[in-house]
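Residue numbers (my numbering), protein chains in the order written: chain A, 1 to 193; chain B, 1 to 326.
Just so you know, these hints were derived from the structure itself, not from any lab. Using N, Cα and C, we set each Cβ at its ideal position, and we do this for glycine too. Incorrect hints may have been included.
To be verified - Stretch by stretch, here's where chain A covers chain B in the computed footprint (C-beta under 8 Å, at least three residues): (1) 81-90; (2) 98-105; (3) 139-149.
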Amino acid sequence: MVLVRHRFRGRRLLDAVIDLPFAISPVVIGLALVLVYGQAGWLGGWLAERGIQVIFSLPGMVLATVFVSLPYVVREVAPVLREVGTEQEEAAWTLGASPLRAFLQVTLPAIRWGVAYGVVLTTARALGEFGAVTIVSGRLAGQTETLTLYVEDRFEAFDLTGAYAASLTLAVLALLVLLAMTRLPSHRRKEGR
Amino acid sequence: MSILVRDATRRFGDFTALDDVSVEVPSGSLTALLGPSGSGKSTLLRVVAGLERLDAGAVEIDGRDATGLPPQRRGVGFVFQHYAAFKHMTVRENVAFGLKVARRPRAEIRARVEELLELVQLPGLADRYPAQLSGGQRQRMALARSLAVQPSVLLLDEPFGALDARVRQELRAWLRRLHDEVHVTTVFVTHDQEEAMEVADRIVVMNAGRIEQVGGPRDLYEHPANAFVMGFVGPVTRLGELFVRPHDLQVRRQPNGTTAEAMVERLVHLGFEVRADLVLGDGQRLQAQLSREDAEELELASGQIVFVRPSRTRQFAEAAAGPPGV
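Here chain A stands alone, though its shape is the one from the complex:
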């Protein structure tokens, strides 16, 4: 929202930073997160004092996935948001709707396919994410292990059957997600846009 609607100093920088995960290796992102949130990291120590463990646990994995998939959502939603413009929202304001209500009832429905598309892409990306997650998860078997990590783990342990089984599950899941994605644009067309 901020990126599309407002002009401010550093907007182009923020714009570029959002695309960063496209350009750098996920492993680097994982290491960067460890640097910031790890025991010895800038924020990690402060968080640890409050009993919050980020790295080698679920929050860290979520954070890594969010960071890696952020550009997919932003790049999907931004053009739609730009196309919709601000007039519908302003019309809602003059009709008495609060900014929150105008956003929820007018803007969000108008950009919903952009958001849905971004979410599906994110899901697809998250399923296959390996690099960043492998660093921050600590790979505690049965606890902080994603399916992709499990495949690699089995493969390393020469358990080919297990690796193949998990891979197949992963492939089927990915296929389902991508099928869901192809359905979205057809909805978009049905609305006559």
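Given chain A, put chain B in place with the hints provided.
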């Protein structure tokens, strides 16, 4: 309900959209904000609606200070050039939106929506989506939507700008009749002087962030305050220091002492009128507008020498480019 704008200034970076503008819109009037693009007319309208903030100055609506109020609490209806229809809602839901926000009882909303759709001549289309309507129908829906909440003032930003010429013509006449019926104080923005003259009973002429003149359509045409207004509200041609409307230039075959000699350079036949491009002896060009009969009687042809004399002229001091008192 009257609108009062006092000493309003608004800048966008280096660009001054409104430069110390003061204007009053009387209750119940139908006022046009007329000016070229970039003159500040849309900014002024958005300032009244609360969609644009002021760097300096004040806005009063119905005698109450509204300068700091958000658009939700100003009691204004706003119509956008590109309709701003809620695309995912039906016509009925669009019109009902403001009433739902105001938590009116369901039966009342239903009755009011029917009444409004009748008023804007869209009954029977209540369950359509905006994408299934023509441009003119969408704009009438937008108008019904803004009227639903019974605004104290109705603001329209180039409401017919996106429509084709024929529909625009229809909607102008229709807006005029609607205003006579509903009587809500209405302000609309346009860059089309003909539209302003035809629809409005008061016209505010703007240029470069300032107000040049305020008056009735006839008033502006016949008594323009300066060269800009004279040129903007109608055709104008120059004879030395004098400003002349082309239909006020008399064309003769014979000189009579007060006339100037000119050559007909080109003739344009536009149905009942004939436009003649003339060149004076000193190379100055000017235009005359004649009826077809007069042109035939004079047997005008290009290359011919004629004698011209203005029947009505105006002269403006160079300083007239500044704003007159409002």
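Against the structure, the hints:
For a cut-off of 8 Å, the count of residues in the region 81-90 of chain B with a CB near a CB of chain A stands at 6, and the three-residue condition holds. Closer than 8 Å: that is the beta-carbon criterion, and the region 98-105 of chain B has 3 residues meeting it against chain A, so the requirement of 3 holds. With 5 residues having a Cβ less than 8 Å from any Cβ of chain A, the region 139-149 of chain B passes the three-residue criterion, so the hint holds.
In summary, the structure agrees with every hint in the numbered list given earlier.
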